[in-house]
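Trainee: Here's the letter readout for the chains.
Number of protein chains: 2
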Amino acid sequence: MAFRSEILIKLDRKGRVLLPAAFRDELPADDRGAFVLYHSPNVPGIVNGNSRLGFDAMLERLRVEALGPKGSLKAALDDEAFDPAGYLSASARTIAMEPDGRFSLPVEFAQTLEVDEGVMLVGKGDKFQMWNPKRWQARRDSDRAKMATFVRGLSDRSDA
Amino acid sequence: MAFRSEILIKLDRKGRVLLPAAFRDELPADDRGAFVLYHSPNVPGIVNGNSRLGFDAMLERLRVEALGPKGSLKAALDDEAFDPAGYLSASARTIAMEPDGRFSLPVEFAQTLEVDEGVMLVGKGDKFQMWNPKRWQARRDSDRAKMATFVRGLSDRSDA
DNA sequence: GAATTTCCCATGATATCCCATATCATCCCG
DNA sequence: CGGGATGATATGGGATATCATGGGAAATTC
Chain A
185 MAFRSEILIK
195 LDRKGRVLLP
205 AAFRDELPAD
215 DRGAFVLYHS
225 PNVPGIVNGN
235 SRLGFDAMLE
245 RLRVEALGPK
255 GSLKAALDDE
265 AFDPAGYLSA
275 SARTIAMEPD
285 GRFSLPVEFA
295 QTLEVDEGVM
305 LVGKGDKFQM
315 WNPKRWQARR
325 DSDRAKMATF
335 VRGLSDRSDA
Chain B
185 MAFRSEILIK
195 LDRKGRVLLP
205 AAFRDELPAD
215 DRGAFVLYHS
225 PNVPGIVNGN
235 SRLGFDAMLE
245 RLRVEALGPK
255 GSLKAALDDE
265 AFDPAGYLSA
275 SARTIAMEPD
285 GRFSLPVEFA
295 QTLEVDEGVM
305 LVGKGDKFQM
315 WNPKRWQARR
325 DSDRAKMATF
335 VRGLSDRSDA
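Protein sequences appear in the order of chains A and B.
In terms of the numbering used here, the first sequence opens at residue 185 and continues consecutively.
In terms of the numbering used here, the second sequence opens at residue 185 and continues consecutively.
Just so you know, not all the hints are guaranteed correct.
Since copy identity is lost for identical chains, a pair holds within one copy or between any two.
As the list claims (entries may be wrong) - Once the Cα atoms are required to be at most 20 Å apart in a straight line, the calculated EDC-like pairs of lysine to aspartate or glutamate come out as:
| id | residue 1 | residue 2 |
| --- | --- | --- |
| 1 | Lys198 | Glu282 |
| 2 | Lys308 | Asp240 |
| 3 | Lys330 | Asp263 |
| 4 | Lys194 | Asp284 |
| 5 | Lys311 | Asp215 |
| 6 | Lys258 | Asp209 |
| 7 | Lys311 | Asp263 |
| 8 | Lys311 | Asp240 |
| 9 | Lys330 | Asp215 |
| 10 | Lys258 | Glu244 |
| 11 | Lys308 | Glu210 |
| 12 | Lys308 | Asp196 |
| 13 | Lys258 | Asp240 |
Hints in this document: simulated from the structure, not taken from any laboratory.
Could you put together the complete structure from these sequences and hints?
Mentor: Here it is in structure tokens:
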């Protein structure tokens, strides 16, 4: 399971979006037909996506790694303490696809994305993202510069 | 797994390219049939290729290098920080081959390469590259001179 | 019963399958 | 040792399947 590539998908006048075949193929074989969308925890305007399995696995890691094995029990009971996994669950929605891979984008996500006629789907390996195409272009340009800097930095370190 | 030699391959009028047998043989035995292409992180005009395994291994090293072993949870959640592995995933595509080893070159790669009728496939050991033949010739000539200088420099350094 | 959602069919573009050919290296057998 | 036989390789191309998208019609929903 590794989401790759960036694909521009049209939003039709019925509000439907296609999950590209390249991404559908990365969903677990026993759970095609549905996946999870959730708001970015720290960047408004980004919607994240993953298989149900992948999303649940991330929550699990979050519970164990961030809170420790005992913390997860506490999170299950303590309604006062902040629970990051619970927060993400609340911001997430399970999305059922039509047989051809299309789904209707819930308005809450359409709003943060501020989509009009197209959505950019971006593979991030363990998950994918949905972007407003223009905002993605700006982000990609800035990331490209950071990547070049990062690569240059690597060679320096090997000499040191 | 070691990609060697440089091979000129035709691009047919359907946009198909053959992954030469010499390179196909270097793919993992349990994962022939598909591989990964991705844009060079810092040189426009170069397309890199590797097995899925090789690509994923590189991403893994990247994550460790960039974030440290504990950084993976942060990378999975933080949509604001620059994530080199995520950047590469977005610039990559999984390519399925026909049984005879051919694949249709995605337009995004055909564009950066500016190919017309031929692509140069170049083995780089742990990965391979696709080049516009003319650009590759220029690069090879410049590399040849650099290599001679480099080899000459080696003896001095080893004595020091 | 008007708006929304789901199902189904249509279509153009692309990708894939499959068959065909030319070239070359390898093999095999007398 | 020679001369086909064999097989893998690189390429071409027709036929078929899949993909992304549009849109009509039935089924929900409030």
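Trainee: Please name the hints from earlier in the document that this structure breaks, with their numbers sorted from lowest to highest.
Mentor: 6, 9 and 12
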